[in-house]
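Each protein sequence line maps, in turn, to chains E and A.
Following our numbering, the numbering of the first sequence begins with 1 at its first residue and continues without gaps.
Following our numbering, the numbering of the second sequence begins with 1 at its first residue and continues without gaps.
Some hints could be false.
Here are the computed lysine-lysine pairs in the DSBU-like style, where the Cα-Cα straight-line distance is at most 35 Å [stated by the list, open to error]: (1) A:K528 - A:K541; (2) A:K528 - E:K32; (3) E:K31 - A:K433.
None of these hints come from the bench; they were simulated from the model.
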Amino acid sequence: MQIQIDPNKCNGCGVCADICPVDVFRLNEEKKLAEARYETDCWYCGACEGDCPTQAIYVRLPYLLP
Amino acid sequence: MSQTTKRADVAIVGGGAAGCLAAIAAKEANSAADVVIVEKASIRRGGSIACGMDAINVVVIPGISKVEDLVRAQMSAAQGILDPSVVRAVGEESFGVLQDLESWGAKFPHNEQGQYETFKQWSARDSAAAVTSISMEGDVKVILDREVEKRGIRRMEHAPVTSIHATGEGATGISGLNIRTGEFFTLPAKTVIIAAGSGARFGLPETGVLHAIFDCPACAGDSYSLAFRAGAGLVNMECVKHYFTVRYFNGPGLAPLSHGSRLVNALGQAFLEKSASGDLELQNYMDLFSAVQREYKEGRGPVYIDTRPLSPNKVAELERCFFTTERPTFKKFFEERGVKIGRDLIEGNLSEAVLCGGHGINGINVNAKAETNVKGLYATGDGAANATSLMGAFVLGRIAGREAVAFASKSANPALEAKAIEAERERVLAPLKRAEGIPPILLERKIRQIVNLYVDNPKSGPKLLTAQMHLSRLKEDVSRMKAADLHDAMKAVEVQAILDCADMVTAASLARKESRWGIYHYRVDFPKRDDENWKKFVVVKRDRSGSATTSVEPIPGG
Chain E
1 MQIQIDPNKC NGCGVCADIC PVDVFRLNEE KKLAEARYET DCWYCGACEG
51 DCPTQAIYVR LPYLLP
Chain A
1 MSQTTKRADV AIVGGGAAGC LAAIAAKEAN SAADVVIVEK ASIRRGGSIA
51 CGMDAINVVV IPGISKVEDL VRAQMSAAQG ILDPSVVRAV GEESFGVLQD
101 LESWGAKFPH NEQGQYETFK QWSARDSAAA VTSISMEGDV KVILDREVEK
151 RGIRRMEHAP VTSIHATGEG ATGISGLNIR TGEFFTLPAK TVIIAAGSGA
201 RFGLPETGVL HAIFDCPACA GDSYSLAFRA GAGLVNMECV KHYFTVRYFN
251 GPGLAPLSHG SRLVNALGQA FLEKSASGDL ELQNYMDLFS AVQREYKEGR
301 GPVYIDTRPL SPNKVAELER CFFTTERPTF KKFFEERGVK IGRDLIEGNL
351 SEAVLCGGHG INGINVNAKA ETNVKGLYAT GDGAANATSL MGAFVLGRIA
401 GREAVAFASK SANPALEAKA IEAERERVLA PLKRAEGIPP ILLERKIRQI
451 VNLYVDNPKS GPKLLTAQMH LSRLKEDVSR MKAADLHDAM KAVEVQAILD
501 CADMVTAASL ARKESRWGIY HYRVDFPKRD DENWKKFVVV KRDRSGSATT
551 SVEPIPGG
């Protein structure tokens, strides 16, 4: 996964889903956890990493060449 | 679902730097006015400066620089094809905006003498202080979000605007899609301000990764397409921008030069010293690109950013700039590749093709009041032709907000056409209703491939005509798109914006029968610059069939 969300840290607050400039995240209502549903759209700006109140998110770069 | 929301005096499309300044200015001019920001993502992080910005590149500081120097510099960089009154307006209010930002909590460091810490961009190193850059600290979007909230400005978030409604009388409102609820909404408005950013998703990057691009992918060309479809004119669409970046990464390759790095070719020779001649960003970009292409052509490519001459202090300075405000994931990119600033060479290259009226000169044709040719419709930010970067977004935003709210106080309630709303609703929701069809990202990839292969440099008549042929076929495929969900439905609209942009750039590139701005508009079949006949605007508008049509017009004040 390009965007890693630590399920032990995520508290389901939804901040990432609210602030991502390119709409990568949704809240999984059942599990009460964030998920990077559209992670191939990630611009790796790092906003989610910085704004997550529990530091649950780690953004890896996409598979760039070379 | 469909809903018409409460009427607004000023509806602002986009909650980035430009949109926030517009909203604040409108509300400050008239606290009773109903001002609303309609943003695709969130105001807190939406737009190109999601996580901040390390500097403001254009600011006229009393005692350090002059407005007329700025005008001269930007006009010369644009080779005369720009409205000087717009640049002047930005220069005149730039210091006021800086003071506003400071009073809201943005930090502009001072030196030991108590003066603002300014620096010259790498391209300005030989010149008088025509363009002053100023360091900026602080999380600017978070600051703006707070200021917007404080003033009771209405906000609609996760709500991409899909259309601006306009009649012969002028702008009447906007429509859009709430991508969380699925609601198609219409907002009647006395005035509309377009602040929806650049055309970042234009050319295809070398990595082939659709969003691995220099500017924020949420800025898909919405500004350009919304204006075009509302009947506004756009200028300089043939001047297609490229950046110089760290190759395979969407981070700037020029910032290291401002900090003292140099560019070297594959033989380790510095190759730029002699070609970087003037005092102008755009001019020097052209020198740089020509030099890079020359190194490749003569067998000395690739080219590298050589950070080895940097002192430990400069390394730390550059790392702070790169890894914090400028692009935090830069650190990961270098770590993955074992690259260390100060020790290694970093390969650089041209970015994908980009449309931008702030860092380039193409965009919605506005005057010094941020007005378009459509009554009640204003534009600011990277979608408006201004050539003054982030400061242009701030100042023109402020001007647009002020002008719009004054115009709104004198205008009657807007009369929206039910038929137009219904047609827009159908266009936006149709991809969701189809049982099967083309996924929007496949169509996007095709359009951007056509841009790389036929629209971007080197240009020629036959190539551009071939582009038109391909683009008209892709237009037919728009009605075959299938959106899997609301996120995809937003993309289906964005894809149509990208297609509009490609159409506009192709038409404008065909119209300008000369070469100008280095690689930004190089026509193989008209290789020379022709000031006698072409010191003019190519204005693009939409014809009745929905295609781009051009006219050649004099430059205001030119």
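Now for the hints, and whether the structure bears them out:
1. A C-alpha spacing of about 26 Å is found between K528 (chain A) and K541 (chain A), which places the hinted pair at or below 35 Å, so the restraint holds.
2. Under the criterion of a C-alpha separation no larger than 35 Å, the hint pairing K528 (chain A) with K32 (chain E) is inconsistent with the structure, at around 62 Å.
3. For the hint pairing K31 (chain E) with K433 (chain A), the CA-to-CA distance comes to about 29 Å; that is within 35 Å, so the pair holds.
Hint 2 from the earlier list is the only one contradicted by this structure; the remaining hints agree with it.
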